[in-house]
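K.L.:
Construct all of the structure, not just a fragment, from the sequences and the given hints.
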Amino acid sequence: MDENLLLKVRPGDALLYEKDQIGKVLTFVGGSRDPDAPSLFQIANVDSGEIRWIHGEEVTDIVSEYRTTIKKPSSLYEQIQQQQQ
1 MDENLLLKVR
11 PGDALLYEKD
21 QIGKVLTFVG
31 GSRDPDAPSL
41 FQIANVDSGE
51 IRWIHGEEVT
61 DIVSEYRTTI
71 KKPSSLYEQI
81 QQQQQ
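If you read the sequence shown in UniProt numbering, its first letter stands for residue 1, the second for the next number, and so on.
One should not assume that every hint holds.
To be verified - Pairwise CB distance ranges (calculated):
1) W53 with R33: 17 to 27 Å
2) E50 with R10: 17 to 27 Å
3) E65 with R33: 19 to 29 Å
These aren't lab readings, by the way, just hints derived from the structure by calculation. Virtual Cβ for every residue (Gly too), placed ideally from N, Cα, C.
P.N.:
Right, here's the structure in full:
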């Protein structure tokens, strides 16, 4: 896997590893040369539920990315909140 792509991996992402295994990233550990660059990933296999550590070289691709965004409450929501106070 391209090293630049490994820098994009975040907890919650689904990774393809080995030939046909998919795992959700729980956490990762940086390398000794660059602590910000992930080299070991703790994953949960989506089929078996097995939790294990894999090396970055075992990762083939990012299958799906998990990103959260905080949205500003809608004005309707704010109106309801104000009415309840």
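K.L.:
Taking the beta carbons of W53 and R33, is their distance inside 17 to 27 Å?
P.N.:
About 19 Å separates the Cβ atoms of W53 and R33, which means 17 to 27 Å holds.
K.L.:
Mind checking the hinted window 19 to 29 Å against the Cβ distance between E65 and R33?
P.N.:
holds (26 Å)
K.L.:
Between E50 and R10, is the Cβ distance one that fits in 17 to 27 Å?
P.N.:
The hint (17 to 27 Å, Cβ to Cβ) holds, given that E50 and R10 are roughly 21 Å apart.
The structure fails none of the hints (numbered hints given earlier).
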